[in-house]
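Respectively, the protein sequence lines represent chains Z and P. Position 31, counted from 1, in the first sequence is what my numbering calls 31; the numbers after and before it change by one each time, with no gaps. Position 135, counted from 1, in the second sequence is what my numbering calls 135; the numbers after and before it change by one each time, with no gaps.
Heads up, some of the hints might be wrong.
Unchecked claim - To spell it out: a stretch of chain Z is covered by chain P in this simulated footprint if at least three of its residues, at any positions, have a beta carbon under 8 Å from a beta carbon of chain P; those stretches are:
#: 1; stretch: 14 to 23
#: 2; stretch: 27 to 37
#: 3; stretch: 50 to 56
#: 4; stretch: 73 to 86
Unchecked claim - Subject to a maximum C-alpha distance of 30 Å in a straight line, what follows is the list of computed DSBU-like cross-link-like pairs (lysine-lysine):
#: 5; chain 1: P; residue 1: 385; chain 2: Z; residue 2: 47
#: 6; chain 1: P; residue 1: 8; chain 2: Z; residue 2: 7
#: 7; chain 1: Z; residue 1: 42; chain 2: P; residue 2: 414
#: 8; chain 1: Z; residue 1: 76; chain 2: P; residue 2: 230
#: 9; chain 1: P; residue 1: 8; chain 2: P; residue 2: 227
#: 10; chain 1: Z; residue 1: 66; chain 2: P; residue 2: 366
#: 11; chain 1: Z; residue 1: 76; chain 2: P; residue 2: 46
#: 12; chain 1: P; residue 1: 469; chain 2: P; residue 2: 254
#: 13; chain 1: P; residue 1: 381; chain 2: Z; residue 2: 47
#: 14; chain 1: P; residue 1: 385; chain 2: Z; residue 2: 76
#: 15; chain 1: P; residue 1: 371; chain 2: Z; residue 2: 47
#: 16; chain 1: P; residue 1: 371; chain 2: Z; residue 2: 42
#: 17; chain 1: Z; residue 1: 27; chain 2: P; residue 2: 339
#: 18; chain 1: P; residue 1: 384; chain 2: P; residue 2: 284
#: 19; chain 1: P; residue 1: 54; chain 2: P; residue 2: 141
#: 20; chain 1: Z; residue 1: 47; chain 2: P; residue 2: 414
#: 21; chain 1: P; residue 1: 385; chain 2: Z; residue 2: 42
#: 22; chain 1: Z; residue 1: 66; chain 2: P; residue 2: 469
#: 23; chain 1: Z; residue 1: 35; chain 2: P; residue 2: 366
#: 24; chain 1: Z; residue 1: 42; chain 2: P; residue 2: 381
#: 25; chain 1: P; residue 1: 254; chain 2: Z; residue 2: 76
#: 26; chain 1: Z; residue 1: 7; chain 2: P; residue 2: 371
#: 27; chain 1: P; residue 1: 141; chain 2: P; residue 2: 275
#: 28; chain 1: Z; residue 1: 66; chain 2: P; residue 2: 108
#: 29; chain 1: P; residue 1: 284; chain 2: Z; residue 2: 27
#: 30; chain 1: P; residue 1: 459; chain 2: P; residue 2: 5
#: 31; chain 1: P; residue 1: 384; chain 2: Z; residue 2: 42
#: 32; chain 1: P; residue 1: 51; chain 2: Z; residue 2: 47
#: 33; chain 1: P; residue 1: 366; chain 2: P; residue 2: 385
#: 34; chain 1: P; residue 1: 414; chain 2: Z; residue 2: 35
#: 35; chain 1: Z; residue 1: 35; chain 2: P; residue 2: 339
#: 36; chain 1: P; residue 1: 414; chain 2: Z; residue 2: 2
#: 37; chain 1: P; residue 1: 104; chain 2: Z; residue 2: 66
#: 38; chain 1: P; residue 1: 381; chain 2: Z; residue 2: 28
#: 39; chain 1: Z; residue 1: 7; chain 2: P; residue 2: 339
#: 40; chain 1: P; residue 1: 46; chain 2: P; residue 2: 17
Worth flagging that the hints you see were computed from the coordinates, not collected in a lab. Please read all numbers here as calculations on a predicted model, not as lab measurements. All residues carry an ideal CB built from backbone N, CA and C; glycine is no exception.
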Amino acid sequence: MKEMLTKEEVLHVADLARISLTEEEIKKYQVELKKLLDDVEKINNVKGYDDDILIACWENSAELRKDIAGDMLDPKEVVNNAPRHSGNYIEVPVVISEGEGA
Amino acid sequence: MYLNKSIKEINELLKNKTIKPIDLVEEAFQNIENNRELNAYITLNKEEAIKRAKELEDKEVDNLLFGLPIAVKDNIITKGLRTTCASHILDNFIPIYDATVVEKINEKNMIIIGKTNMDEFAMGSSSRTSYFGAPKNPWNKEKISGGSSGGSATTIASRDLPFALGSDTGGSIRQPASYTGIVGMKPTYGRISRFGLVAFASSLDQIGPMTTNVYNNALLLNALVGKDEKDLTSVRREDEDFTRLIGEDIKGMKIAVPNYFMSDIVSKSITSKVKEVIELLKSKGATVDYIDVDYLENAVTLYQIIAMGEASSNLARFDGIRYGFSYENPENIEDVYLKTRAEGFGEEVKRRIMVGSYLLSGENAKVYYNKALSIRDDMRKALKKVFDSYDLIIGPTTTTTAYDLTDPMDDPSKSFMDDVLVIPVNMAGLPGLNLPIGFDDNKMPIGMQIIGNSFEEAKIYKLASYLEKELNLSLNPNGGEDNE
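Same shape as in the complex, but just chain Z (with noise of 0.2 Å):
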């Protein structure tokens, strides 16, 4: 098995999570993220368990909420809360710039 994973597969990971990385610290997780790799792979050894599956621990069927209005939280607070923010709108840099449109 080998020790550590290569830069490219390090890179393919924190692209999957949206973070970018320093040299140092793809270097580092080359090696972390290797390990709980490694782990995770014991699954594989796991014998014996039926199809059957569980997405979470609950015993009650849905009990939906009914679909009206209620208390809605105050649109100025929420975009006060946003760290970049003009009148009722919240502000994001250029999705698409000059050049790179279809």
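For this one, chain Z is given, so just place chain P on it according to the hints.
Same frame as chain Z, now just chain P:
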């Protein structure tokens, strides 16, 4: 000094106006100040707590929890009071509504004193992943308090105040309770609304009470439970008083001890203490049998897959757009996500999110996550089956007592292995409680776990209170006496 009295005594004093809620609040803040080096709190609620205590002076003392100070783990949101999850990414976050449990403790007119320290996003077993530094164990300041509810455990153990809330995804109430010598209960999954508990692994998370003794624990649980239409997984049950079996005899109780819990993964000082308790129970007329329970040894692997998978999905919401910390000078929106999360999350959280994202991506979801859910079902069946023949399951809570704050953190598996004995309870959604049962040679607390069938918390409290009385331990690290 009133907070070291029993809740019933304090209640009488409040009722006959010998004391006022402000006396209790001021005493709690004085205790916290005296114990400041223990680093149990991230944020104190001093101004608001004093204001609230004064408001209560004109109100009728209508329940046992009235006017009593309580600490809340910092992953449970509190309107207007900073809630950080011990993370840089939320270190300026002021919630705009209360968690359901917070509404419930407010309805009882309890007073929130502050938000307790914890592992970042409850990911860890020593509270050392906190952005605000680790809390210290009141029994020995060189040692960890455990985690992730380490701050709540610390403030209870050091007798700052009588009540705290924790949360338990894979042992995060019971394990720190064991390390600090207090009583901590993880109730049945669905007992308590998770609305307003910042989600880590939604199918495992549960809020629970942490207290100095069994009676207080059951009393606080009374206030927390109930169906909440804001949490679909909360369960509607008949009202019950969790203190109702306290004081009953245990003669004829049937108790099971899984062999795995007493195997050589647990240090000898702990198993021998548990064996002493087993002998005591037998001598008092309970039946205790050693049994095999399938799949227990797979619990950590299942937990790693399910908890990291669910965490990666839950923590996707921290994007630097809607709340919390945001990277200052992004080039574009992708840059906000990548750099906010890179700077905002600590190492343990990043590791778990990355592995979790991988485990849920594409075909891996089948290879790992679905397989884990399948084995989880079998583990739950195996544990539930025990209750066909037994009232309760007991065993050690932890494999060692609290270790040094300076112990290395470079093994990413370590924080999972610390919880090997407490994780199966979350996997099966069962209630489990830590009860202090003694000390090791270094005078560090040893805890025993009592596990019940779903919704049988009252039975757990029955055995726990019986043992608490029989063992009659001095559990105050400051050396003082504790009342009932």
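Going down the list of hints, with the structure as the test:
no.: 1; hint: 14 to 23; in the structure: holds (count 7)
no.: 2; hint: 27 to 37; in the structure: holds (count 6)
no.: 3; hint: 50 to 56; in the structure: holds (count 7)
no.: 4; hint: 73 to 86; in the structure: holds (count 8)
no.: 5; hint: P:385 to Z:47; in the structure: holds (19 Å)
no.: 6; hint: P:8 to Z:7; in the structure: violated (62 Å)
no.: 7; hint: Z:42 to P:414; in the structure: holds (16 Å)
no.: 8; hint: Z:76 to P:230; in the structure: holds (22 Å)
no.: 9; hint: P:8 to P:227; in the structure: holds (28 Å)
no.: 10; hint: Z:66 to P:366; in the structure: violated (34 Å)
no.: 11; hint: Z:76 to P:46; in the structure: holds (27 Å)
no.: 12; hint: P:469 to P:254; in the structure: holds (19 Å)
no.: 13; hint: P:381 to Z:47; in the structure: holds (15 Å)
no.: 14; hint: P:385 to Z:76; in the structure: violated (52 Å)
no.: 15; hint: P:371 to Z:47; in the structure: holds (11 Å)
no.: 16; hint: P:371 to Z:42; in the structure: holds (11 Å)
no.: 17; hint: Z:27 to P:339; in the structure: holds (18 Å)
no.: 18; hint: P:384 to P:284; in the structure: holds (26 Å)
no.: 19; hint: P:54 to P:141; in the structure: violated (35 Å)
no.: 20; hint: Z:47 to P:414; in the structure: holds (25 Å)
no.: 21; hint: P:385 to Z:42; in the structure: holds (25 Å)
no.: 22; hint: Z:66 to P:469; in the structure: violated (47 Å)
no.: 23; hint: Z:35 to P:366; in the structure: holds (21 Å)
no.: 24; hint: Z:42 to P:381; in the structure: holds (21 Å)
no.: 25; hint: P:254 to Z:76; in the structure: violated (57 Å)
no.: 26; hint: Z:7 to P:371; in the structure: holds (28 Å)
no.: 27; hint: P:141 to P:275; in the structure: holds (29 Å)
no.: 28; hint: Z:66 to P:108; in the structure: holds (27 Å)
no.: 29; hint: P:284 to Z:27; in the structure: violated (58 Å)
no.: 30; hint: P:459 to P:5; in the structure: holds (26 Å)
no.: 31; hint: P:384 to Z:42; in the structure: holds (24 Å)
no.: 32; hint: P:51 to Z:47; in the structure: violated (59 Å)
no.: 33; hint: P:366 to P:385; in the structure: holds (27 Å)
no.: 34; hint: P:414 to Z:35; in the structure: holds (11 Å)
no.: 35; hint: Z:35 to P:339; in the structure: holds (25 Å)
no.: 36; hint: P:414 to Z:2; in the structure: holds (21 Å)
no.: 37; hint: P:104 to Z:66; in the structure: holds (22 Å)
no.: 38; hint: P:381 to Z:28; in the structure: violated (39 Å)
no.: 39; hint: Z:7 to P:339; in the structure: holds (19 Å)
no.: 40; hint: P:46 to P:17; in the structure: holds (23 Å)
The earlier numbered hints that this structure contradicts are 6, 10, 14, 19, 22, 25, 29, 32, 38.
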